[in-house]
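Those protein sequence lines, which keep their order, are chains A and B. Just so we're aligned, residue 2 is where the first sequence starts under the numbering used here, counting upward by one. Just so we're aligned, residue 229 is where the second sequence starts under the numbering used here, counting upward by one.
No wet-lab data here; the hints were simulated from the structure. Being a predicted model, the structure only gives us computed values, none of them experimental. Every residue, glycine too, gets a C-beta built ideally from N, C-alpha and C. Any given hint could turn out to be false.
A partial selection of chain A residues facing chain B, derived with a Cβ cut-off under 8 Å [said to hold, decoys possible]:
1. P9
2. G43
3. L44
4. Y49
5. Q51
6. V53
7. A62
8. E103
9. F106
10. G107
11. T113
12. V114
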Amino acid sequence: DGGITQSPKYLFRKEGQNVTLSCEQNLNHDAMYWYRQDPGQGLRLIYYSQIVNDFQKGDIAEGYSVSREKKESFPLTVTSAQKNPTAFYLCASSGTGAYTGELFFGEGSRLTVL
Amino acid sequence: AQSVAQPEDQVNVAEGNPLTVKCTYSVSGNPYLFWYVQYPNRGLQFLLKYITGDNLVKGSYGFEAEFNKSQTSFHLKKPSALVSDSALYFCAVRSTGANNLFFGTGTRLTVIP
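Work the whole structure out from these sequences, hints included.
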């Protein structure tokens, strides 16, 4: 079945460590997104990519990095510079130029910093 | 700039009663409006969207939403609530030419048996 796969579902990290969250899609979508979800704050955009080898910062990019080497993959690295990384992270995708199209979401990755 | 307001953090409704989850928006240009639902520890699922045309939009699981341009609202409705509708609901907006969706803070719907 087509969809978005995020891994791992749960991740624990010690302070000062970088971690990478995986996001893979087989929907043949050009655009991919990373959102952060915190209780009572809705979803906030971290990074997005509309095409391979190109990506843009969202509203809260500080302390995060991404790459887009393949159409299917958009990994997110949470670096030690991120001051409060404990959160639920959601990856999404949508079709090219599809401003009217909905986003398709993965099941999320919950990161806890110990 | 674009923004979305969901004025109610929590909505409680009895099973079988109609439900409404409110959403208002602010964008420059024409809005593209969306509703999503999220169950605990899961990703968001698309319910419905308004792009253009009929102001009443029908979506998944019996939900519908009405676009009201003069009131800049896009309230989610369902004629008869089910216990299984209990979840977190997000309204989202994208303005013409914008690259991403902007989400509201969410409304937790509880349907009481």
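Here is how each hint holds up against the structure:
A hinted interface residue such as A:P9 counts as satisfied when its beta carbon comes closer than 8 Å to some beta carbon of chain B; here the least separation is about 13 Å, so the hint is violated. Because the beta carbon of A:G43 sits about 4 Å from the nearest beta carbon in chain B, less than 8 Å, this interface hint is met. The interface hint given for A:L44 holds, since its Cβ lies 4 Å from the closest Cβ of chain B, which is under the 8 Å cut-off. Because the smallest distance between the Cβ of A:Y49 and any Cβ of chain B comes to about 5 Å, under 8 Å, the interface hint for this residue holds.
The interface hint given for A:Q51 is met, as the beta carbon of that residue sits about 7 Å from the closest beta carbon of chain B, less than 8 Å. Contact between A:V53 and chain B, as hinted, is not supported at the beta carbon level, the nearest pair being about 16 Å apart and thus beyond 8 Å. Taken as an interface hint, A:A62 does not check out: its beta carbon lies about 12 Å from the nearest beta carbon of chain B, beyond 8 Å. Nearest Cβ of chain B to the Cβ of A:E103: about 4 Å, under the 8 Å cut. The hint holds.
For the restraint placing A:F106 at the interface with chain B, the shortest Cβ-Cβ distance is roughly 4 Å, inside the 8 Å limit, so the hint holds. Annotation: A:G107 was flagged as interfacial toward chain B, and the flag holds, the nearest CB pair being 5 Å apart, inside 8 Å. Look at A:T113: its Cβ only gets to about 13 Å from chain B, farther than 8 Å, so that hint breaks. Against a cut-off of 8 Å between C-beta atoms, the interface hint on A:V114 is violated, since the closest Cβ of chain B lies about 18 Å away.
The structure is inconsistent with the numbered hints 1, 6, 7, 11 and 12, although it conforms to all the rest.
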